[in-house]
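Heads up: take any position in the sequence shown, counting from 1, add 29, and you land on this note's numbering.
What the hints contain is simulated information worked out from the structure, not anything from laboratory work.
Here the structure is a predicted model, which is why all the values come from computation and not from measurement.
Take the hints with a grain of salt, since some may be wrong.
Unchecked claim - Keeping only pairs whose Cα atoms sit at most 20 Å apart, straight-line, the calculated SDA-like set for lysine to any residue is:
| # | residue 1 | residue 2 |
| --- | --- | --- |
| 1 | Lys255 | Gln244 |
| 2 | Lys217 | Leu193 |
| 3 | Lys372 | Leu206 |
| 4 | Lys372 | Arg183 |
| 5 | Lys255 | Arg379 |
To be verified - Here are the simulated distance ranges between beta carbons:
| # | residue 1 | residue 2 | range |
| --- | --- | --- | --- |
| 6 | Ser90 | Gly207 | 53 to 61 Å |
| 7 | Val56 | Leu206 | 19 to 27 Å |
| 8 | Met350 | Ser254 | 33 to 41 Å |
| 9 | Ala66 | His89 | 26 to 34 Å |
| 10 | Thr328 | Glu151 | 25 to 33 Å |
For every residue, glycine included, the Cβ atom is placed at its ideal position computed from N, Cα and C.
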Amino acid sequence: MNLIWHRPPRRWPRLRNLRASIRDTLVLVNEFRGTLALFSGVVFVGGWLYRELSIFAGDHSLSPAEAVFVVLSMMFLQAQADFPDEWFRQLFFFIMPISGLALLAGGADFGVLLFNRRLRGEAWQVAVTSTYSDHIVLIGLGHLGFRVVRELHRLGDDVVAVELDPGAELLAESRALGIPIIKADATKLETLRDAGVERASAIILCTSNDAMNLQIAIKARNLNSKARVLVRLFDEDFAAEIQNHFGIDQAFSASALAAPAIAGLANESDVSSPISIAGRALSLARIAITAKSALAGLTIDQFENRFDATVVLLERNGQSMLHPHNDTVLAPDDGLAIFSEPKTLVKITRANRS
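Between the sequences and the hints, there should be enough to build the whole structure, so can you do that?
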């Protein structure tokens, strides 16, 4: 029986893009609702009126659909009907083209934005973000923020980044990873909602401004009381105080934690900064076996072989054992110190939650 927990694959990009396109189209239609309503009114009301006047003139050849098509073709100077003898029908051949030209500008903008989503810019990023749930929101796409985004992407997490003024290079590299980036002020509730904070599993504040990080963290906590909130603070002593008094899950110093460790914290892994041994980045993590954990019932030997990890310490009933015996069976409430790659440690943490 394979007890290794694997994170579900990311939502298929095509399905996500389809959902984003549908959502963005609805937003676009709402933005141009006046132009679209006026255009539809001119076409359908004009078609109905032209048919009624044709019947009045003794011409019963046009069906309702044909009359609408004739009026539509008139608007684009391609009239699909012979020039009539009656003056009241002749007026349509002059009025409809003028109406078409008047509506063409708005209609052209709508068409361009409908078929070229990238021109939608920020609106398209928000549309893509609307398809995310149980994702991680990272605020502050500086050098540390980008390293965290890259690490989270490597771990298989869905990430949305928020940055008011991202650098061109970091912006391009992040988008190359397929990361939606919302260029807006994260201190505004509207921006946090656009980033899907209410649906997120974790929020990471990585800006270089301590006060701003705290302000956003409090707003994010009010929007989502269940998400993990991680805040970057430059003062380590201040970080500890903030963590105790503001309901923040983890306050960290940029100098004290590396990107993999921050990514691990976002996934509820208590992970140390990695060290490099023989070209491999390795970290130490601490977990407590939960009652429903997929790890419970495994021996130390089974655990280490399946996860390619080393159990450095086992804590049970207040007793600590360094390098426990291979036959020791893991049980709920056991505490473990595990040494492995950050990516593996995150997988172990997820398996422990399942």
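Hints, one by one, checked against the model:
no. : hint                        : in the structure
1   : Lys255 x Gln244             : holds, 18 Å
2   : Lys217 x Leu193             : holds, 11 Å
3   : Lys372 x Leu206             : holds, 18 Å
4   : Lys372 x Arg183             : holds, 8 Å
5   : Lys255 x Arg379             : holds, 17 Å
6   : Ser90 x Gly207: 53 to 61 Å  : holds, 56 Å
7   : Val56 x Leu206: 19 to 27 Å  : holds, 25 Å
8   : Met350 x Ser254: 33 to 41 Å : holds, 37 Å
9   : Ala66 x His89: 26 to 34 Å   : holds, 30 Å
10  : Thr328 x Glu151: 25 to 33 Å : violated, 53 Å
Against the hints set out earlier in the document, a violation occurs for number 10 only.
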